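For the protein sequence lines, the chains are A and B, in the order given.
FYI, our numbering numbers position 227 of the first sequence as 240, with every residue one higher than the one before it.
FYI, our numbering numbers position 170 of the second sequence as 171, with every residue one higher than the one before it.
Rather than coming from a laboratory, the hints here were simulated on the basis of the structure.
Owing to the predicted nature of the structure, the values given are computational and were not obtained by experimental measurement.
The C-beta atom is built at its ideal place from N, Cα and C for all residues, glycine as well.
Take these hints with a grain of salt, some might be off.
[Said to hold, decoys possible] Quick list of in silico lysine-lysine cross-link-like pairs, DSSO-like style, CA-CA up to 30 Å:
id, chain 1, residue 1, chain 2, residue 2
1, B, 37, B, 187
2, B, 37, A, 215
3, B, 187, A, 183
4, A, 215, A, 183
5, B, 187, A, 215
[To be verified] A few chain B residues that don't get close to chain A, going by computed Cβ distances all over 10 Å:
id, residue
6, 87
7, 224
8, 344
9, 349
[What the hints assert, rightly or not] If we take Cβ atoms under 10 Å as the criterion, some of the chain A residues that face chain B in the derived model are:
id, residue
10, 123
11, 126
12, 127
13, 143
14, 162
15, 180
16, 202
17, 206
Next come the chains, spelled out residue by residue.
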Amino acid sequence: MRAVMVMRLPRPYADGRAHATPTRPGTRPRRLSTGPTAIPARRRTTPLDSDRLRGGGRDGGTVGGITVERVARSFGEVEAVRHASFSVPPGHVAGLIGPNGAGKTTLLLMLATLLTPDAGSIRIAGFDPVTQPREVRARIGWMPDTLGSWPALTVRDALTTSARMYGMAKDAASARSARLIDLVDLRPLADRPTRVLSRGQKQRLSLARALVHDPEVLLLDEPASGLDPGARVALRDLVRRLAGEGKTVLVSSHVLAELEEMADTAVYVADGVTAAADAVAAAGRSARQWRVRALHAERLREALIAAGFGTVAHIDHLGAIVPLASEADAAQLLAHLVSVGVPVSSFAPAVGDLEHVFLDLNRAGPPPAASAPDPAAPIDGEARA
Amino acid sequence: MSAAPGTTPVQAPTTAARPDEGFLAGMWLIVTLDLKQRVRGVAWYVLLGVFVLLVTIVTGLLVLATNAWDDGGGGVFSTIVFFVLLLGTLVSPALSGNAINGERDAGTLATTQVTLITTAQLVVGKWIAAWLTALAFLAASLPFLVFAVALGQVSAPTIMVSVLVLAIELGVIAAIGVGLSGVLTKPLFSVAVTYLVVAALSIGTLIAFGLGGTAIQTTVRQTYVGVDWQALEQDGPPPAGELAPCLPPDIREYPTPRFDLVWGFLAANPYVVLADAAPGTFDEYGSPRDLFGWIAVGVRSAQHAPETDALIDDCATWRPSGEYVQPDVETPQDVYDRSVPSWFVGLTINALLGGAALFWAWRRTEVPARRLPSGSRVA
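Bound-form chain A, shown alone:
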């Protein structure tokens, strides 16, 4: 969707490998694997998807990953999740996006074998969390949104204990915890009790714990909250690398810019309903703001006014924000600006793809659950605020 990127360097990656992984093309087409239909998204015939499925995934690609079909869960009167259907194939990072109270954490708890769905089915790496919780637990790494740690234990002890809870022998567990401490950069604190950790440090410990048994499916609930920018970059790289190794990652976050850089698919959820693929596509196509910058601000202003954008464009000292109906329009405007000699230095959507779709879906009302037997009752915008 990001058709035009001028003067924007590809994102740097510390290990230099991310670009080479097949899951991470330079300009990344965002495939939205959401879909409430009974057919799992991985069976849809998007060329890229089928391509991935043949190559990626340790289980041959057909049983791995996460598949959620028509899942519902309520707590008493409160319907936390009403209709969730999506799938994440192995080797993919999916962002789980939705407003507060949309049911993201409930969904993750069901995936993490902690809650039973009232209806629908879940498959994680081919196993059912309700009837085969042990098989699922051996394969998932779950990072909860609540940060808990055994306060009196040292970081090292906490990780070793977690490893041993997965049946690792003592030596293997302590070797593993030492490696993870390096991975999440907690070495200076390795022998301090976990109660002295700051929020961001606890977050990193929690991530290390989720990785302790080398799970093939990772469920990360708000992993970046509390992290400093350096740790966020490292988290992003780590997640991409894990996906490159064929692992499945589902990340929920409010920081959409962050997901933008990490995720290659997205699951939009609001009011406990995941958005249908066509709604997402429509939202992605809708009019959006584009930010234009030029080396010569005055010339940009003149060119825009001359092109008839004088009344709709918001022009300030940083450049201009121009509403455009489609990417074709954007391409056309860019070509025009360049042809009249405006030194354009940047031409990009003002908000990220995820944010754009997210805002658009929420503006349009609850995402329609296509072919749902119990269509989501329309709920006014206030309820979701």
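Since chain A is already given, all that's left is putting chain B on it; use the hints.
Okay, now just chain B, sitting in the frame of chain A:
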């Protein structure tokens, strides 16, 4: 996060899942985890110190009060054991009553439950850890018990049985505490309810016994035959071999409580279990040598229904020589010996109570959770 994550392998060194991991290994992991956390806190040591101080004071006072140097320490020993049980029941709920819901509040329960540790391993491990913690208090009181034994006259079976039963009772209380912490959502509430259960067992059973016995009353018909002192004065003492002149039987009726119908309440009392389980030792007059014995005799004599048709015949035992003929009265030892030992009934009731609490906690804590109590979260 490492600055160069590419240098660090992400693969685990061994395969993570070993499905046949033994129940005991996983449970023991939970026990050691729990104990490690307790031992590294200060609170536990403070409690232990206060406990030792209190037992020291009580022992000192007991020795002075009971003249224990002379009479052999049976009383001191039994009182110290009771005191340890009292303190154990006071401390144990605080140590165990938030074992599970406290972890849920701290956010560490769910992260354990997503591992290969089963809920049964978790609950049982928590219980064993709480029990071991309570046993540390028993261990701290051992020097005082040894001192009491050193005074002499406490039999080896008494020592062994009473310490063993004490340990089991502490386990029961730990089980109730851990169980309730799995059933109730709020730690404060579950600790309070654990205290209430302990109070119900220790004091409630006494109240139920007392009130229940008095509420159910039976009318006793007592016949009294006295010596006719007037006739005796007029006629002089009867010739040898003849009976004294007797008054006509005086019959009176009065209500009496039926403790024999409610003695089962007392059986569930931990103190009674402890006292009744210790083998009774009696002196030459048939009187118990220690506190255990007196309580056991008291509880066992409550088993017997009052005689509804009692006859007191003073006239029959009167001798003109003024010699006092001892009426055929039972000694405490006789009562003890002809009654049913109640301790195993009480111990079974207590063990079932603890086991049920643990089972309930296991059912309530099992994940994936189908139904959640209102106001609670899984994680």
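Using the nearest Cβ pair, does residue 126(A) come within less than 10 Å of chain B? 5 Å, holds
Interface hint outcome for residue 202(A) [beta carbon to chain B under 10 Å]: 13 Å, violated
Would you check whether residue 123(A) satisfies its interface hint, that is, whether its CB is within less than 10 Å of any CB in chain B? Interface hint status for residue 123(A): holds (7 Å vs cutoff 10 Å).
Does the CB of residue 143(A) sit less than 10 Å away from some CB of chain B? 6 Å, holds
For the pair supplied as a hint, residue 215(A) and residue 183(A), confirm whether the alpha-carbon distance does not exceed 30 Å. Distance ~23 Å between residue 215(A) and residue 183(A) Cα, so the pair holds.
Once the shortest beta carbon distance from residue 127(A) to chain B is found, is it less than 10 Å? 5 Å, holds
Taking only the CA atoms, is the gap from residue 187(B) to residue 183(A) under or equal to 30 Å? Not satisfied, since the Cα-Cα distance of roughly 35 Å exceeds 30 Å.
Non-interface label on residue 224(B), tested against every C-beta of chain A at 10 Å: With a cut-off of 10 Å, residue 224(B) remains clear of chain A, as the shortest Cβ separation is near 69 Å.
Residue 349(B): least C-beta distance to chain A exceeds 10 Å? 35 Å, holds
Check the non-interface label on residue 344(B): least C-beta distance to chain A beyond 10 Å or not. The claim holds: residue 344(B) sits with its nearest Cβ about 39 Å from chain A, beyond 10 Å.
Closest CB-CB distance from residue 87(B) to chain A, is it above 10 Å? Residue 87(B) clear of chain A: closest Cβ-Cβ about 29 Å, beyond 10 Å.
Does residue 162(A) pass the interface check with chain B, least Cβ-Cβ distance below 10 Å? 7 Å, holds
In this structure, the hints that do not hold are numbers 3 and 16, in rising order.
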